[in-house]
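S.K.: Sequence:
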Amino acid sequence: MTDLDEDLPPGPPPLMELARQLVTERTRPRQYLPKGYQKTEIPRDICSTKTLGRLESGRYRSVNLGTVLKLLRFYQTPHQQADHIARLAEASKAHDWSSHYATVLEDRGWYYQQCEDSASYMLFHSFSALPSLIQSPAYYRMIRDTTEVVFEGEFDWAEGLEFRMARRERWISSARPAQFLIGEATLALDLGEEKGEILADLRQVAMLPFADVRVIPFSAGRYDLKSWSLNLLEYDDGEETVINVESPRGSGFVPFDSARGRFFSGAAKVASGKSIALEDFLQ
Numbered sequence: 542m543t544d545l546d547e548d549l550p551p552g553p554p555p556l557m558e559l560a561r562q563l564v565t566e567r568t569r570p571r572q573y574l575p576k577g578y579q580k581t582e583i584p585r586d587i588c589s590t591k592t593l594g595r596l597e598s599g600r601y602r603s604v605n606l607g608t609v610l611k612l613l614r615f616y617q618t619p620h621q622q623a624d625h626i627a628r629l630a631e632a633s634k635a636h637d638w639s640s641h642y643a644t645v646l647e648d649r650g651w652y653y654q655q656c657e658d659s660a661s662y663m664l665f666h667s668f669s670a671l672p673s674l675i676q677s678p679a680y681y682r683m684i685r686d687t688t689e690v691v692f693e694g695e696f697d698w699a700e701g702l703e704f705r706m707a708r709r710e711r712w713i714s715s716a717r718p719a720q721f722l723i724g725e726a727t728l729a730l731d732l733g734e735e736k737g738e739i740l741a742d743l744r745q746v747a748m749l750p751f752a753d754v755r756v757i758p759f760s761a762g763r764y765d766l767k768s769w770s771l772n773l774l775e776y777d778d779g780e781e782t783v784i785n786v787e788s789p790r791g792s793g794f795v796p797f798d799s800a801r802g803r804f805f806s807g808a809a810k811v812a813s814g815k816s817i818a819l820e821d822f823l824q
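Taking our numbering, the leading residue of the sequence shown gets 542, the next gets one more, and so forth.
Hints are supplied without guarantee of correctness; some may be wrong.
Stated by the list, open to error - Mimicking DSBU-like on lysine-lysine, the simulated pairs with C-alpha atoms at most 30 Å apart in a straight line are:
hint	residue 1	residue 2
1	K634	K591
2	K591	K611
3	K767	K815
4	K611	K736
5	K580	K611
6	K576	K611
7	K767	K736
8	K580	K591
9	K591	K576
10	K767	K810
11	K634	K580
12	K634	K611
No lab work stands behind these hints: they were computed from the structure.
This structure is a prediction, so every number in the text was calculated from the model and none was measured.
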């Protein structure tokens, strides 16, 4: 990437997400390549190291879809994922990218999972629900049993539980440090007959040496992050921090070095400062 490229502002969300996903595909573990490919290992007939660096910067707006597809074939990206990334490339070049981007957003799919599984530190915030990474089977059953509106199409609750528990076990096995900030509203809600088991499991999670489970009490009043659910993922190898946010006003991935990204990272620190340890809250 040239100095000129480095001076460019971050691109629109689909361009930033495209860049992140290209990095993830290049570096994902393979049977004989546990750390994936280095940039210099990409064949020159696909693209130069300089071009690849530009594509992975999130600032290079002259994205060539053909080059992206060649990279994905070389990475042996599964078809469904390759199609998703290709549509991101198309959205990044559209004049009105927002309408195109909406068609390729995914709900906690493979891309987010890859980001989470490779993170060295994680921070989660939710005002009125347990972050999904530490939801127990009892909490999930409570959600299932209190859901009154029927989903359109088929929804497999058993499969959903299996997915969440596998994700949680991967984190616990990795012993990666994580902080969980939950609003007092999460525990003040009627948790039903599962309450005892839910709280017992939450206490066990909080006892893990790498888990910091904290509660933001009602007495803290309003705080900047209150209306947002936040997932913040940091990495040891210099990769950019990933921020994923959700609220009624919008959701998606936010560039860490953008003004919006600095707001969320700063708001997370403020929220953490207002919190107390779960064990102290439950006394």
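S.K.: If a hint holds in the structure, say so; if it does not, say that too.
M.R.: Hints, one by one, checked against the model:
no. : hint          : result
1   : K634 <-> K591 : 20 Å, holds
2   : K591 <-> K611 : 16 Å, holds
3   : K767 <-> K815 : 12 Å, holds
4   : K611 <-> K736 : 52 Å, violated
5   : K580 <-> K611 : 15 Å, holds
6   : K576 <-> K611 : 20 Å, holds
7   : K767 <-> K736 : 24 Å, holds
8   : K580 <-> K591 : 9 Å, holds
9   : K591 <-> K576 : 20 Å, holds
10  : K767 <-> K810 : 13 Å, holds
11  : K634 <-> K580 : 24 Å, holds
12  : K634 <-> K611 : 18 Å, holds
Hint 4 alone, counting from the list given before, is not met by this structure.
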